[in-house]
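S.K.: Those sequence lines, one after another, are chains A and B. Under full-length UniProt numbering, the letters of the first sequence match residues 1 to 584, in that order. Under full-length UniProt numbering, the letters of the second sequence match residues 1 to 584, in that order.
If a hint is listed, it holds; no wrong ones were tucked in.
Repeated chains share a single entry, so a pair holds when one copy, or any two copies, can fit it.
In silico lysine to any residue, SDA-like type, Cα no more than 25 Å apart, as pairs: (1) K195 <-> L1; (2) K415 <-> Q401; (3) K485 <-> R235; (4) K272 <-> I12; (5) K272 <-> L21; (6) K232 <-> G25; (7) K282 <-> R488; (8) K489 <-> T285; (9) K466 <-> L21; (10) K183 <-> D65; (11) K292 <-> R235; (12) K232 <-> F26; (13) K183 <-> S115.
Hints are computed from structural coordinates only; laboratory data are not their basis.
Protein chains: 2
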Amino acid sequence: LDYQHVQVPFEITLWIMLASLAKIGFHLYNKLPSVVPESCLLIFVGLIMGGIIYGLNDKSPPVMDSDIFFLYLLPPIVLDAGYFMPSRPFFENMGTILLYAVVGTIWNVFGIGFSLYGICQVKAFQLQDVSLLHNLLFGSLIAAVDPVAVLAVFEEIHVNEKLHILVFGESLLNDAVTVVLYKLFRSFCEMPTIKTVDVFAGVGKFFVVALGGVLVGLTFGMTAAFTTRFTKDIRVIEPLFVFLYSYLSYLTAEMFHLSGIVAIIACAMGMKRYVEANISLKSHTTVKYFMKMWSSVSDTLIFIFLGVSTIGENHEWNWPYICFTVIFCLIWRALGVLVLTFFVNRFHVNTVTSKDQFIIAYGGLRGAICFSLVFLLPDFHRKKLFIAATTVVILFTVFVQGMTIRPLVDLLAVKRERESAPTVGEQIHIRFLDHLLAGIEDISGHWGQYYWKDKLEYFNSKYLQKILLREYDQPKSSIVLLYEKLERKHAIELAEAGQLGHAPSHPSLLRSGFLCSNSRTGITDKKLEDALNPDVLENIQEILARNLYRIRRTGPAYNRHTLPGETEPVEHAKEILILRHKNL
Amino acid sequence: LDYQHVQVPFEITLWIMLASLAKIGFHLYNKLPSVVPESCLLIFVGLIMGGIIYGLNDKSPPVMDSDIFFLYLLPPIVLDAGYFMPSRPFFENMGTILLYAVVGTIWNVFGIGFSLYGICQVKAFQLQDVSLLHNLLFGSLIAAVDPVAVLAVFEEIHVNEKLHILVFGESLLNDAVTVVLYKLFRSFCEMPTIKTVDVFAGVGKFFVVALGGVLVGLTFGMTAAFTTRFTKDIRVIEPLFVFLYSYLSYLTAEMFHLSGIVAIIACAMGMKRYVEANISLKSHTTVKYFMKMWSSVSDTLIFIFLGVSTIGENHEWNWPYICFTVIFCLIWRALGVLVLTFFVNRFHVNTVTSKDQFIIAYGGLRGAICFSLVFLLPDFHRKKLFIAATTVVILFTVFVQGMTIRPLVDLLAVKRERESAPTVGEQIHIRFLDHLLAGIEDISGHWGQYYWKDKLEYFNSKYLQKILLREYDQPKSSIVLLYEKLERKHAIELAEAGQLGHAPSHPSLLRSGFLCSNSRTGITDKKLEDALNPDVLENIQEILARNLYRIRRTGPAYNRHTLPGETEPVEHAKEILILRHKNL
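Between the sequences and the hints, there should be enough to build the whole structure, so can you do that?
M.R.: Put into C-alpha cells, the structure is as follows:
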C-alpha cells in the first residue's frame with residue numbers, strides 16, 4: 001500500500017465525491033430541499049463530518065484554507081455567475097446596485113465597526129482591549145454580503161428578476177470595497193500612526209481596484225473572443241479557452257491586488273456574446289454544462305468545509321460581543337437599505353417597493369468569504385473571538401434567515417419570477433422600444449442609458465464584431481436565434497414522436513410558446529388557441545417556416561445604423577428561388 | 001505585485017494555454033499537420049522552449065516530474081482511450097493483443113537487456129561497469145510501446161480498425177507487464193542475492209497486477225453506473241461522476257501497486273454502456289467533449305514537456321550504447337512480431353498479413369512513459385547514460401518512425417479504415433450472425449467467443465441492467481439508437497433549411513445513409529438511388545417514421561433469452577391507436 005504517493009489527488013477526489021453524493025442524497029427525498037435550503041443541509045453534513053474527525057483524532061479538524069478558497073473554489077462560482085448574468089436587468093439597475101454595493105457596504109462597515117467599539121467600552125463585557133481599528137477591520141470583513149450564500153438561497157426562492165439582481169449584483173460588486181477596506185484597515189493596524197494622506201490613498205485605491213479589475217477582465221475577455229476565431233479546425237479545445245482566459249483574468253487581478261471577482265465577471269460578460277457566436281453548438285453545451293457543474297461542486301465543497309471548520313477549538317466565546325455583532329449586522333443593513341432606497345426611489349419611476357426593501361435587507365447573507373478573510377487576519381490576541389463571531393453570524397444568516405426567507409416571501413406575496421421565457425412578440429416590442437427611446441434621447445440631447453447602449457451597439461457592430469467574430473457578417477439577432485432554437489426543439493420532438501414528414505401537430509406548436517400572444521395585447525394564450533382554427537394555424541406556421549430562411553439572411557442587417565438595402569438583394573432572391581424550386 | 005500567492009495555478013494555466021495555442025497554431029496552416037505528426041511539432045516547440053529557458057537561466061530547465069505525469073497527465077489520455085475503445089474489435093482480437101502485450105513485451109525486455117549486456121562486454125566501449133541486472137532494468141522500461149505516442153500517430157494515418165486495435169491495445173495492456181518487470185528488476189538491483197522464489201513471485205505478481213487492475217476498474221465502473229441511476233433531479237453533476245470514479249479507480253490501483261492503466265480502461269469500458277443509458281443527452285455530450293478536450297491537452301502538454309526536458313545537462317553520451325539501443329529496439333520488436341504472428345496466424349482464419357506485421361513492428365513508438373520511468377530510477381552512476389539512451393530512442397521513434405509511417409502506409413497500400421459508419425443493414429446482419437454463431441457454438445459444445453459473449457449478454461440483461469439502469473425495461477438496441485439519431489439529425493437539418501412541415505427532401509434522406517443498402521446485397525448505393533422513384537422512397541420513409549414508435553417500445557425485448565410476447569400488448573396497441581388518432 002502506497003498511500004503517500006496518491007494522497008493529494010485521492011483526497012481531493014474523495015472530497016468532491018462526498019460533495020456530489022451529498023447533493024444526490026438530498027434530491028432523493030423531494031420534501032427536504034423544499035423546506036431547508038441546500039446550503040443549510042451541506043453545512044450540517046460538514047458539522048457531522050467535523051464532529052467525526054474531531055471525535056476520532058481528538059484535535060480540531062483542518063479548517064478551510066483561505067488560499068484554496070480564493071484560488072480554487074471561488075472562481076468557478078463567480079465565473080458561472082458572471083457568464084449567466086442577465087445583462088439587461090443588470091445594466092438597467094447598475095446605478096442602484098453600485099449604490100448598494102459601494103455606499104451601502106461602507107455604511108455597514110463603519111456602522112458595525114463604531115457600534116461594536118461602543119460595546120467594547122462597556123466595562124462589564126471585558127472587551128476594552130479591542131481597539132477601534134480592530135473593530136473596523138472586523139466590520140470590513142463581516143459587512144459584505146456573500147455571493148455564494150446569496151446565490152444558494154435566492155436560486156431556490158425565485159423572486160422577481162429585479163429584486164434578485166439587486167441583491168446578487170450587490171454581493172458581487174461589493175468585493176472591490178471589501179478588498180480595499182480590509183487591506184486598508186489591516187495595514188493601519190500594523191502602522192504606528194495613520195496620516196490623512198493614507199485615508200485619501202484608500203479612496204483612490206478603491207477606484208484603482210474596481211476599474212483595474214474591469215480593465216483586466218475586459219482585456220482577457222476580448223482576447224478569449226479573439227482566440228476562438230481560430231478554433232474552427234479543433235473544436236474540441238474551444239471550451240477550454242473560456243475557462244483558461246477567465247481564470248487567468250482572476251489570477252492576474254489577484255496578483256496585482258485588484259478585485260478578482262470584478263475582473264472575472266467583466267471577462268465573462270465581455271466574452272460571452274462573441275464566444276457564443278464563434279464556438280460550435282456542442283462546445284457551447286459543454287461550456288454551459290461544465291460551468292454549472294463546476295460552480296455547483298465548488299458551492300457544495302464550500303458549505304461542507306464551512307461546517308467542518310466550525311468544529312474545533314478555534315473559538316473564544318464572549319456572549320455580548322457575539323450577540324451584538326449579529327444584532328448590529330441586521331440593524332445597520334436594514335437602516336442602510338432604507339436610507340439608500342429612499343434616494344434611489346426619488347430618481348426612478350420604477351421604484352423599489354417596501355416589500356422588496358425588506359427582502360433586500362433580510363437577504364444580506366454572509367458566507368465563506370468572511371470566513372476566509374477572518375482566518376487571513378494577522379495573529380493577535382482576540383483573533384479567536386473574531387473567528388467565533390464570524391462563524392455565528394454566518395450560521396445565523398444561513399440557517400435562520402436562509403430558512404425563513406422563503407416563507408416570508410410567500411407571506412408578503414413578493415412579486416415572483418415569471419415562469420415562462422419572454423415570447424417573440426415581447427422581445428420584438430422591447431427591442432422596438434429600445435430603439436425608440438434611443439432616438440428620443442438622441443433628439444432631446446439627454447444622454448441616458450438607451451443612448452449609451454445604442455452607441456455601444458454601434459461600436460460593437462462597426463468594429464468589435466469584425467475583429468472578434470469568425471463570420472462577422474452573419475451575427476444573428478436574439479429573436480432569430482430563439483426562433484431557430486424553437487424550430488429545432490420542435491423538430492426533435494416530432495422526430496421522437498415518429499411524426500416527421502407530416503404536418504406538425506398544433507398542440508405542440510402552441511405548447512412551444514411560439515404562437516403565444518404577447519401579454520400586452522390583452523389576449524390570453526387560451527383565447528388565442530380557441531380563436532385560431534387549424535387551417536389558419538397551419539398557414540401561419542408555413543409562413544414562418546418559409547421566412548426563417550429570409551430572416552436568417554437579413555436579420556443582422558436590422559440596425560439603426562445600417563440601411564435595409566445594404567444586403568445583396570440579387571443573390572438573396574436567387575437563393576430563395578432555388579429553395580422554392582426545391583419545395584415544388 | 002504578489003506573484004508568490006498565485007504562482008502555482010497561474011503557471012499551470014499558462015502551460016495549458018501555451019499548449020492549446022500551439023495546437024491552434026499548427027492547424028492554422030493546413031499543410032503542416034498533413035506532413036509532420038503533431039507530436040513531432042509539439043516536441044519541437046518544447047525543445048525551443050527548453051532552449052530559451054536554458055539560455056536565459058544558464059541551468060537545465062525543469063524536467064517533467066514523474067509524479068505529475070503519472071498522477072495528472074496520463075489518466076485523462078487513458079480514460080479517453082478506454083471510453084472510446086471500439087469494444088467489438090478489441091474483444092475479437094483480445095487473444096492476439098494479449099499475446100503481443102504480454103509475451104511480446106517480455107521478449108523485448110529480455111532481448112534488449114541481454115543483447116545490450118553483450119555490448120557492454122566489449123572492452124573498447126568502456127561499459128563494463130553496467131551489470132546484467134541494470135541492462136535488464138533498462139530493457140524493461142525501454143521495451144514497452146507507449147499508448148500516448150501510438151495514439152498521436154495512428155489517429156492521423158487512419159489504418160484499418162484491426163491493425164489499429166492490435167497496436168493500440170498492445171500499448172495499453174503491456175502496462176501490467178512493464179509495471180511488474182520494472183519493479184521486479186529495480187528491487188533485484190537493491191537485493192544482495194536473488195533467489196529462485198523471487199522470480200516465481202514475479203510471475204505471480206503479474207497476474208495480481210493485471211487481474212487486480214481489472215477488478216478495481218470494474219468495481220468502480222459498476223459503482224459509477226449505479227450512482228448515475230439517482231442523478232435524474234440534478235443532471236448537472238452527472239458528467240462529474242464519470243470522471244471521479246474513473247480517476248478513483250486509477251488512483252486506487254496505483255495505491256495498491258496494481259496497473260492503473262488497466263484499471264481505468266476496465267472502469268471506462270465497464271461503465272460506458274450503463275452510464276450512457278442513464279445520463280441525459282446533454283450530459284453525455286459534455287462527457288465526450290470534456291474527455292476529448294482533457295486528453296488532447298494532456299497529450300499536448302506531455303509532448304511539450306518531453307521537448308523541454310530533453311534540453312539540459314542530464315545526459316551522458318556514449319555512442320555505442322545509444323546506437324545499439326536504438327538498433328536492438330527495432331530488431332527485437334520486428335523479430336517478436338514475426339514470431340508471434342506466425343503462431344497467431346496458425347490459429348486464425350482472418351490472418352495478420354505481412355504488410356500489417358510490418359506496420360505493427362514499425363509502429364512500436366516509445367514515449368513519455370519510458371521517459372518518466374527512467375527518471376524514477378534509483379540514483380546510480382550510469383543513470384545519465386540511461387536517460388540519454390531513452391531520450392534518443394523516444395526522439396528517434398517519434399520523429400523518424402512517426403514521420404515516415406504515413407508515406408510507408410501509402411506505399412504499401414495497407415488496408416485503410418472504411419470511411420463511412422456501418423449501415424443499419426450491416427448492423428442487422430452482424431447481429432444476426434452473432435446470434436447464429438452463438439447458437440452453433442451452443443449446439444456443438446464449443447465454448448468460443450460468441451458463446452461467452454451471449455452468456456455475458458444474458459447475465460447483463462437478467463441482472464446487471466436491473467441494478468444499474470434507471471429505466472431498465474427500456475434499454476435501446478444500438479440500431480434503434482442509430483435510427484433515432486439519424487432522424488434527429490435529419491429533423492434538425494430540415495428545421496435549419498426552413499422546410500419543416502413539408503415532405504423531407506430525398507437527397508437528404510439518402511445522404512443520411514439510412515436507406516443505403518447493405519454492401520453484402522451487391523446493390524451499390526448509387527444504383528439503389530436510381531432504382532427507387534420518389535413515391536416509393538416517400539412511402540418507405542413514412543413506414544419507418546411510423547414504426548419508430550413501435551421499435552422504441554418493443555426493441556429491447558429482442559433477445560435470444562426473452563420471448564416477443566413478454567411486452568404488454570394491450571397498452572401498446574392503445575398507445576398506437578392514440579398516436580394514429582392524433583395524426584388523422
